[in-house]
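So you can see what is in the structure, the chains are spelled out below.
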Amino acid sequence: KTQVEQSPQSLVVRQGENCVLQCNYSVTPDNHLRWFKQDTGKGLVSLTVLVHENDKTSNGRYSATLDKDAKHSTLHITATLLDDTATYICVVGAPAGGNNKLTFGQGTVLSVIP
Amino acid sequence: EAAVTQSPRNKVAVTGGKVTLSCNQTNNHNNMYWYRQDTGHGLRLIHYSYGAGSTEKGDIPDGYKASRPSQENFSLILELATPSQTSVYFCASGASGYEQYFGPGTRLTVL
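In order, the protein sequence lines correspond to chains A and B. So the first sequence is numbered by my numbering: it starts at 1 and just counts up by one. So the second sequence is numbered by my numbering: it starts at 1001 and just counts up by one.
Hints are computed from structural coordinates only; laboratory data are not their basis. All of these numbers come straight from a predicted model, not from anything done at the bench. Think of the CB as a built atom: it goes at the ideal place given N, C-alpha and C, for glycine as much as any other residue. Among the hints, erroneous ones may be present.
What the hints assert, rightly or not - Label-pair ranges, simulated between beta-carbon atoms: (1) B:G1053 - A:G60: 40 to 48 Å; (2) B:S1096 - A:G60: 24 to 32 Å; (3) A:G41 - B:I1060: 20 to 28 Å.
Only chain A is shown next, with the shape it has when bound in the complex (with noise of 0.2 Å):
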């Protein structure tokens, strides 16, 4: 069973536009939810991490919410640049030993077209 779903699969938008990219999850305990871009070809960057309840979080014109009642976060992306084309990945966190095990989603390929 799929433990971290993200939705949609891929969006196009227009330049300028803004977004929302969806993450839901089941797993259990979770300790933090981390949102990475990952450009074509490369590895993958952190864009933001949500630890608490209600956490919400802003890094330039992205920004992140975490309803961990619902197992549920989004990422917002304001006015979308030609650069933000990418596969944007949530991966949930959860406390193993004293260290961390990932789940990762599949990702929401982005396309963002003149």
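Starting from the known structure of chain A, arrange chain B on it as the hints suggest.
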């Protein structure tokens, strides 16, 4: 900033051959990880290590071995490569698993 490098970046191997993927990190992180990324799946953990000399099985270790000869280096070894191991492989390092820094990936094709 964390620096994780992988080599080779691209590799074509034949079925039954031996493949070694290498990873190097320069941040003195204790933990290192090997994942594979396939269409339709999130990244899946193959092996990980808590320090030099240690290796642990992840979620999908079958067909893979790992080696951590030093703090900086972590290798993934496919003794008998199979076409099902065609994938993109990512190495990562981190202090506690809370934050992981990823390498650029190695694209492996097994013919």
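Structure-based check of each hint:
1. B:G1053 - A:G60: 40 to 48 Å: holds (41 Å)
2. B:S1096 - A:G60: 24 to 32 Å: Distance hint for B:S1096, A:G60 holds at roughly 26 Å.
3. A:G41 - B:I1060: 20 to 28 Å: 23 Å Cβ-Cβ, so the 20 to 28 Å window holds.
The structure is consistent with each of the numbered hints, conforming to all of them.
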